[in-house]
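Colleague: With chain S fixed as given, assemble chain F with the ligand onto it according to the hints.
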Amino acid sequence: MSIALRRLMACPGLHRGAFGGVMGSQIRNVVLRSQPAAVKTAEDFFEKNERLKRPMSPHLTIYKPQITSMLSISHRITGIAVTGYVYAFSIGMMCLPASFPHYCAALATASPALLFSAKFLLAFPFAYHTCNGVRHLMWDLAKGLEISQVYKTGYTMLAATTLLTLALLFC
Amino acid sequence: MALALVIRCLPRSMNGSIRTSHMWSKGQLNGSIFKHYPAAGLLAKDTNAMVAVAPRREMSDGGDHVKLWTAERALSVGLLGIIPAAFIVPSPAMDYLLAVSLVMHCHWGIEASVVDYIRPAIFGPVIPKVAIASLYGLSIFALGGLIYFSYSDVGLVNAVKMFWKLDMRNILKLVCMVLPKLTLRVTHYQYS
Ligand code: HEM
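Protein sequence lines, in the order shown, are assigned to chains S and F.
The first sequence lines up with residues 10 to 180 when you count with the working numbering.
The second sequence lines up with residues 16 to 207 when you count with the working numbering.
The following block holds chain S by itself, in its conformation from the complex (with noise of 0.2 angstroms):
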């Protein structure tokens, strides 16, 4: 092996090439060594990432806002509200000193527009929610999985929220 290279070095065209005639014909020594080859210890996707300082990618902001992320998205959303809300009234009766009626009396005196307001954010998450939790049970079943499928109960789950919405506020 280092016979072989000792002759590469000693090859006239080569060394004019790499050193410009400059060296001549000196003749150096070269000893190799054989060392391990660095092995990198396995590096997984987000050991990288944070090494490059990188951040998570591909980042969400890159996609256009389409039918099918807004509505995976809002599920999330108003699964987290309606939680919210069950938490929040749980602990919250358990903290206040008087029983519901009372409170309920009390709300009685509120305006009729904030009334409706609230019952509003309260059935329409609760409708979006149940209605496209339908739509994830049909997924999980694999059934409906195909693009155009998913658009058309995309819309079909908007127009059955739209009327369970209606129904609870009105009916």
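Hints in this document: simulated from the structure, not taken from any laboratory.
In this text, all values refer to a predicted model and were calculated from it rather than measured experimentally.
Hints should not be assumed to be uniformly reliable.
[To be verified] With beta-carbon atoms standing in for the labels, derived distance ranges:
no.	chain 1	residue 1	chain 2	residue 2	range
1	S	K73	F	A86	35 to 43 angstroms
2	S	L172	F	I155	31 to 39 angstroms
3	F	Y163	S	E59	42 to 50 angstroms
4	F	A86	S	L123	37 to 45 angstroms
5	F	S106	S	I89	25 to 33 angstroms
6	F	L95	S	F129	18 to 26 angstroms
7	F	Y163	S	L177	22 to 30 angstroms
8	S	L167	F	I103	23 to 31 angstroms
9	F	S106	S	I76	37 to 45 angstroms
10	S	A122	F	L112	30 to 38 angstroms
11	S	S78	F	S106	37 to 45 angstroms
Even glycine gets a Cβ: it sits at the ideal position worked out from N, Cα and C.
Modeller: Using the frame of chain S, we list chain F with the ligand on its own:
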């Protein structure tokens, strides 16, 4: 190379088929080189494993993710019946059933979200665990509160019904009050 491929394939198959939440919360991932992909750890021991089996092995690894996932879906289907039933045939038993199933569903849902957003890669090893532990505390407290409310107060279903009735009366009042004014104004504009 094959292993690298497997590692790359994992996040998607994990997100698509199972909840990762319970692996984090059980601390199976901590202290492992493969802290983000426990299945990759399994595969490292058995490099002959095929890519396709990775998610399965993942799910069967300590803790029954298939059963948990199925239970979550079963409960979601159950809610579709329990919520209307609790309002149609109200009783203390239905109120308790509603409270338990509602809080369980909410807890699982929030837990999945916490696992998705409060990740060790961003928040370090401690905060995600604290978040999950706090969520357990919060959910238990909320469930206790609902059960106490059913026992010592009017109960969840009755409370919603009382609030809704009150609302209706006022909305009718609003309509009665506002509608004539609106019509008056419209006619006013028309004739002026
Ligand atoms: C009958 C009514 C309901 C149905 C059919 C339903 C169905 C579902 C389903 C299938 C999921 C899982 C979505 C997924 O696979 O990512 C889910 C998530 C969730 N649900 Fe419900 N749900 C209902 C009512 C509720 C209620 C009343 C609450 C709150 C009080 C709630 C809170 C949540 C939360 C917080 C999530 C997590 C959101 C996420 O992971 O993106 N759900 N629901």
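Colleague: If a hint holds in the structure, say so; if it does not, say that too.
Modeller: Going through the hints against the structure:
1. K73(S) <-> A86(F): 35 to 43 angstroms: holds (37 angstroms)
2. L172(S) <-> I155(F): 31 to 39 angstroms: The hint (31 to 39 angstroms, Cβ to Cβ) holds, given that L172(S) and I155(F) are roughly 36 angstroms apart.
3. Y163(F) <-> E59(S): 42 to 50 angstroms: Cβ of Y163(F) to Cβ of E59(S): about 46 angstroms, so the range 42 to 50 angstroms holds.
4. A86(F) <-> L123(S): 37 to 45 angstroms: Given about 40 angstroms between the Cβ atoms, the range holds.
5. S106(F) <-> I89(S): 25 to 33 angstroms: Roughly 30 angstroms apart at Cβ, these two residues keep to the hinted range, so it holds.
6. L95(F) <-> F129(S): 18 to 26 angstroms: The hinted range 18 to 26 angstroms holds for L95(F) and F129(S), with Cβ atoms some 22 angstroms apart.
7. Y163(F) <-> L177(S): 22 to 30 angstroms: holds (27 angstroms)
8. L167(S) <-> I103(F): 23 to 31 angstroms: holds (26 angstroms)
9. S106(F) <-> I76(S): 37 to 45 angstroms: Hint holds: Cβ distance 41 angstroms, inside 37 to 45 angstroms.
10. A122(S) <-> L112(F): 30 to 38 angstroms: holds (35 angstroms)
11. S78(S) <-> S106(F): 37 to 45 angstroms: At 42 angstroms between Cβs, range holds.
Going through the hint list in order, the structure satisfies each hint without exception.
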